[in-house]
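S.K.: Protein chains in written order, with full-length UniProt numbering: chain A, 1 to 371; chain B, 1 to 371.
Careful: at least some of the hints might be erroneous.
[What the hints assert, rightly or not] DSS-like, lysine-lysine: derived pairs with alpha carbons at most 25 Å apart:
1. Lys223/A with Lys223/B
2. Lys219/B with Lys91/A
3. Lys91/A with Lys223/B
Please keep in mind that the hints were generated in silico from the structure rather than gathered at the bench.
Number of protein chains: 2
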Amino acid sequence: MGSKENGCAGSAQVDKGVDFANYFCTYGYLYHQKEMLSDRVRMDAYFHAVSRNKHHFRGKAVLDVGTGSGILAIWCAQAGARKVYAVEATKMADHARDLAKENGVQDIVQVIEASMEDVTLPEKVDVIISEWMGYFLLRESMFDSVICARDRWLKPDGVMYPSHARMWLAPIRSGITDQKMEDLNCAMNDWHSFVDETEAHYGVNMSVLTKAYREEHEKYYLKTSLWCNLDPNQIIGTPAMIKEIDCLQATVDEIRTITAQLVLPINADRSRISAYAGWFDVQFKGSEQNPAKDEVELTTAPDADGGTHWGQQVFLLNPPIRVNEGDKVLVSFQMSRAKQYHRLMDIELISELELSSGKRLPPITTRVSIE
Amino acid sequence: MGSKENGCAGSAQVDKGVDFANYFCTYGYLYHQKEMLSDRVRMDAYFHAVSRNKHHFRGKAVLDVGTGSGILAIWCAQAGARKVYAVEATKMADHARDLAKENGVQDIVQVIEASMEDVTLPEKVDVIISEWMGYFLLRESMFDSVICARDRWLKPDGVMYPSHARMWLAPIRSGITDQKMEDLNCAMNDWHSFVDETEAHYGVNMSVLTKAYREEHEKYYLKTSLWCNLDPNQIIGTPAMIKEIDCLQATVDEIRTITAQLVLPINADRSRISAYAGWFDVQFKGSEQNPAKDEVELTTAPDADGGTHWGQQVFLLNPPIRVNEGDKVLVSFQMSRAKQYHRLMDIELISELELSSGKRLPPITTRVSIE
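Could you put the whole structure together from the sequences, leaning on the hints where they help?
M.R.: Here is the structure:
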């Protein structure tokens, strides 16, 4: 069906029109760009990463993958880049071009409106910069395009901005699981009344759809991750790293499915794990041959002083698991791309509680989608 | 780009995958079906139209275009139809099949999961029934598929359910226009602070995007129609009929662009037209050769006792027009399909106030999208 992405080994086969309707369209709005540009944690990290490591940019060629409004490209130019190729798939490219001109770097920043996979550059580049991170790092699967860009256009001694990325998981307490269970019960009560009324008024018995209705609503209320900026005191165990990605080396195969065996020591007494929280951080460390002078980190972990527009992704556990300090949760984690649409994710978590006595309780399997 | 709809003359050329992502996907959810099935005005109208006109159905072949959960098809079977072909493009078809079985009409109702345009039936039908109406009647452009079905599968003396449809426009008073103007001002004040902060913290001047940001937000706040169930006392002039459609005769060309010259007499003193409201009604009158025994009407006009899930579409006038009893508003109305996506609509209203003295004020042009 339809035209396919091409060129990059390992890239998903997807109808481009559908992908634009489902995904890229959002990035064509300035209100959405402004939301990202107003995220101070995000902005500070990229700004400092570039402005405190000018040696990576001075006189160099840079590629910005998914430039959006073009701000990263402009910073690279301001840091002394000789040339910045700023690739953007949406009409936001026009605004990026205007912005580069307004800021006097139109001779350095060349905005190219195209899918990264379709672009041909006149030279290889010294730096690839990109803000490609989605919820829980990999939602949107945009890193595929960065890998494609790197394999084609980065010089052998080139540098990636960011250079590394990590995914984290932690057990949390939250009233949200009880709330969502109650919402589901309300929805089902409402459904039962609806079935009764439809039979009474219109002579059609709808009860055969009750199971499907419940499944649809369980998926919505309980089996879809929630966006949240949590308070750090909701975390009741030591976070575990799921995965570290070296942006210079990673392959699409490596990130298509993420699996990990995690140990989460509990540090709260008489508590309940009502959910897991997932988040990410990225580092700007340069490369081994060409390290950063000033390493910068961008984290989306729970923060009492506020959060990022990424927040954390919350995966509900239903029912919650009662825990005590000294217990450990052993989690078998797997994340893969949704079958129907490669930019969304399906997660499976198998939780096994190991009590401080050493006794293990039966494993509990939780499946949740990031939509 | 992609596979195209085919077969029906005049049908829009559209990528089917994109169309599914943008449109059909919604109808695959039971929560959405339930919303429609809980609309008592809608349900009563179709239920009475069928159950009070059994002579149209007894022993007949019926086609239900876009059957959804299948309820119309089941009613037709209960009214005595010999065969009901129930066509549905989404996976909701599975539920429709279950529901037909549960209600004992599985030998009569044959659910076919396909686009109407692609279906081949074993016979021509006596009745086509469909609930094809979108906001302000024609949003979704689903009537195209009904026309296609009619031209291919309805017998020469066949009947359409509904048989007729009408679009209406009325001047209304509402605080919503002032509210939306204020929302826009707030958004722009926020933008200006954002521009200042971005320059101060990150050395990039964003002011070149101010015009585009304002345009994007004017479109969102002022130039996109609003869904509303209005109170009848908000109507300050006599509603005018924009268009009447005879479902047996209508062509896609006839509904692709709707134009009308309307006269709206004002019946409220010292008031303001802050918006126009658009709605529709449909009639179940059968055909000339084969009339309904009991004519039924479904209206989505403002109703003090509640409304329908369609509500009315509200088109803001900015600034509002001051009017007095005895004035008339002459409206030149045009609605066409959005260039980028044929299921959405663009509307142009040229308003000319004729005072009771006979004096005419200069025309005011309003453009608004139904999204």
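S.K.: The structure should be examined with respect to each hint, and the outcome stated for every one.
M.R.: Here is what the structure says about each hint:
Annotation: proposed proximity of Lys223/A to Lys223/B is violated, straight-line Cα distance about 37 Å (limit 25 Å). The suggested pairing of Lys219/B with Lys91/A holds, with an alpha-carbon distance near 17 Å, which does not exceed 25 Å. Between Lys91/A and Lys223/B the CA atoms are separated by roughly 20 Å; this keeps the pair inside 25 Å, and the hint holds.
Of the numbered hints stated above, the single one contradicted by the structure is hint 1.
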